[in-house]
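**Q** Line order of the protein sequences matches chains A and B.
FYI, the numbering for the first sequence is 1 to 237, going by the numbering used here.
FYI, the numbering for the second sequence is 1001 to 1237, going by the numbering used here.
One or more of the hints may lead you astray.
To be verified - DMTMM-like, lysine to aspartate or glutamate: derived pairs with alpha carbons at most 20 angstroms apart: (1) A:Lys98 <-> B:Asp1148; (2) A:Lys180 <-> A:Asp32; (3) B:Lys1116 <-> B:Asp1137; (4) B:Lys1230 <-> A:Asp221; (5) A:Lys101 <-> B:Asp1202; (6) B:Lys1230 <-> A:Glu161; (7) A:Lys101 <-> B:Asp1148; (8) B:Lys1101 <-> A:Asp217; (9) B:Lys1101 <-> B:Asp1202; (10) A:Lys230 <-> B:Asp1221; (11) A:Lys180 <-> A:Glu144; (12) B:Lys1180 <-> B:Asp1202.
Claimed, not checked - Computed footprint of chain B on chain A, listed as stretches where at least three residues anywhere in the stretch have a Cβ under 8 angstroms from a Cβ of chain B: (13) 73 to 82; (14) 101 to 109; (15) 199 to 205; (16) 214 to 224.
By construction, these hints were calculated from the structure, which means they are not laboratory data.
Being a predicted model, the structure only gives us computed values, none of them experimental.
Cβ coordinates follow ideal geometry from the N, Cα and C atoms, glycine included.
Protein chains: 2
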Amino acid sequence: MSSLYQHGTLAMLMGKQMQGTASVAELLAHGDTGIGTFEGLDGEGIILDGKVYQALSNGQVVQVTDQDVLLPFVSVHFHEPTEVLPFSEVDFGTLSSKLEKFQLDNIFAAIKFHGKFSHVHTRVVAKQTIPFPSLLDVSKNQPEFHRDDVAGTLVGYYAPEIFNGPTAAGWHVHFLSDDKKFAGHVLDFSATEVDGTLQLFDDFIQHLPIDNAEFRDMSLDLDGLSSGIKASEGRKA
Amino acid sequence: MSSLYQHGTLAMLMGKQMQGTASVAELLAHGDTGIGTFEGLDGEGIILDGKVYQALSNGQVVQVTDQDVLLPFVSVHFHEPTEVLPFSEVDFGTLSSKLEKFQLDNIFAAIKFHGKFSHVHTRVVAKQTIPFPSLLDVSKNQPEFHRDDVAGTLVGYYAPEIFNGPTAAGWHVHFLSDDKKFAGHVLDFSATEVDGTLQLFDDFIQHLPIDNAEFRDMSLDLDGLSSGIKASEGRKA
């Protein structure tokens, strides 16, 4: 039995709360693998083997070694997989059906696999300044990237529909190439030579920055929240 | 900093998952204070000072000493309050406004207070048999009770709106009289001589029964979920 730890919520990003509220040191205390974003929505984060990488909106990727760098939203877990992926080829459109026997619908799970990607389509959110906009507004004008024939690792989570708001329901996955030069939030992909695992969680630990005054003051447009999250996080496939 | 631990979700009860999946022993490992319900929706649970009480739909209250009794849905925490309630009189209609300075909107909190209740209005769900119905159907025909001039303890939680589904957003509180003869899920109350506390949580730990086959198979009517929860849990005030 294992735990998925999440600092912040996706709803907070929709509610313009992009101030960093958890440090790299804090997130690494709760996992060695995961995904997130940085203060001011400064790119996409991917955590692999305890190392934190940041995909920037100019297309570059940097490794984050400063333990004090802050994040508003991040999900991490310790990589202790329970299942081996039962396929060698997959794309975003077939991922769920190829995992049907694991009955993910109502639970939290992590996926992590290495593969040869014939195509990866990513977005990388761009750094915002105060006063922060909503994630939905940011995502309407986001840098997107395409890369063909690239080897790399895809990592991320499946979350049940009822947790859309706290997090993104369905799949939310990021990519990092082996050469550490291409990364981002995955909108679409197609991969062969897939070698990876699935990890099922019985605990979802939602951590909230209760000492942050802006977060405590936040008012959310709940009517548009669910559809807004799907619009801002959704894959294009 | 402290944690609120929840086994199961309110959505599961809406999805007819009333089989018990956590034992009294398991819940007491995660808290000494809380609220819940029992296998088959057999009454309302209230946990105080590490003791578990069960309000039955015939109006009786029993103490549950068998550590193997099962629950499908329960929320618990260790009572380590952070704030003293700043009022001596309160009713359900004024509770939120009297706590406004604590800015509970976006966070999880526990409330626990003793008082003299001029009136308490409760419901106690009745035990269901397989095949289980939805909580919404059960709540449409639920035993309700009224008691005037009763001393007792109110305990329960505030949850942010975005967690409606995993749990009940807003206030979800249960009552137990000092003489342990009157208890239930609170629909309305009015109290004086209030003496109690508030506890703010930074972690909400959502535990799911991932080894339970019926839960894994569950399909939810998501369209009606949010309104259904409010209809089935909502206070009458």
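**Q** For every hint, state whether the structure bears it out.
**A** Tested hints:
Taking the CA atoms of A:Lys98 and B:Asp1148, the gap is near 59 angstroms; set against the 20 angstroms cutoff, the hint is violated. Among the hinted pairs, A:Lys180 with A:Asp32 is consistent with the structure: their alpha-carbon atoms are about 17 angstroms apart, no more than 20 angstroms. Of the supplied pair hints, the one linking B:Lys1116 and B:Asp1137 is violated, its CA atoms being roughly 33 angstroms apart against a limit of 20 angstroms. Using a Cα cut-off of 20 angstroms, the hinted pair B:Lys1230 and A:Asp221 holds, with the two alpha carbons roughly 18 angstroms apart.
The straight-line distance between the Cα atoms of A:Lys101 and B:Asp1202 is roughly 35 angstroms, outside the 20 angstroms bound, and the hint therefore fails. A distance of roughly 18 angstroms separates the Cα atoms of B:Lys1230 and A:Glu161; the hinted pair therefore holds under the 20 angstroms criterion. A hinted pair counts as satisfied when its Cα atoms are at most 20 angstroms apart, and A:Lys101 with B:Asp1148 does not qualify at roughly 54 angstroms. About 11 angstroms separates the Cα atoms of B:Lys1101 and A:Asp217, which keeps this hinted pair within 20 angstroms; it holds.
Between B:Lys1101 and B:Asp1202 the alpha-carbon distance is near 18 angstroms, which keeps this suggested pair within the 20 angstroms criterion. At most 20 angstroms may separate the alpha-carbon atoms for a hinted pair to count; A:Lys230 and B:Asp1221 meet this at roughly 18 angstroms. Straight-line distance between C-alpha atoms of A:Lys180 and A:Glu144 comes to about 17 angstroms, which keeps the hinted pair within the 20 angstroms bound. Annotation: proposed proximity of B:Lys1180 to B:Asp1202 is violated, straight-line Cα distance about 32 angstroms (limit 20 angstroms).
Coverage of the stretch 73 to 82 of chain A by chain B is violated in this model, with 0 residues showing a Cβ closer than 8 angstroms to a Cβ of that chain against a need of three. Check on the stretch 101 to 109 of chain A: 5 of its residues sit with their Cβ under 8 angstroms from a Cβ of chain B, so the three-residue criterion for coverage holds. For the stretch 199 to 205 of chain A, the stated coverage by chain B holds: 6 residues have a C-beta nearer than 8 angstroms to a C-beta of that chain, and at least 3 were required. Coverage of the stretch 214 to 224 of chain A by chain B holds in this model, with 7 residues showing a Cβ closer than 8 angstroms to a Cβ of that chain against a need of three.
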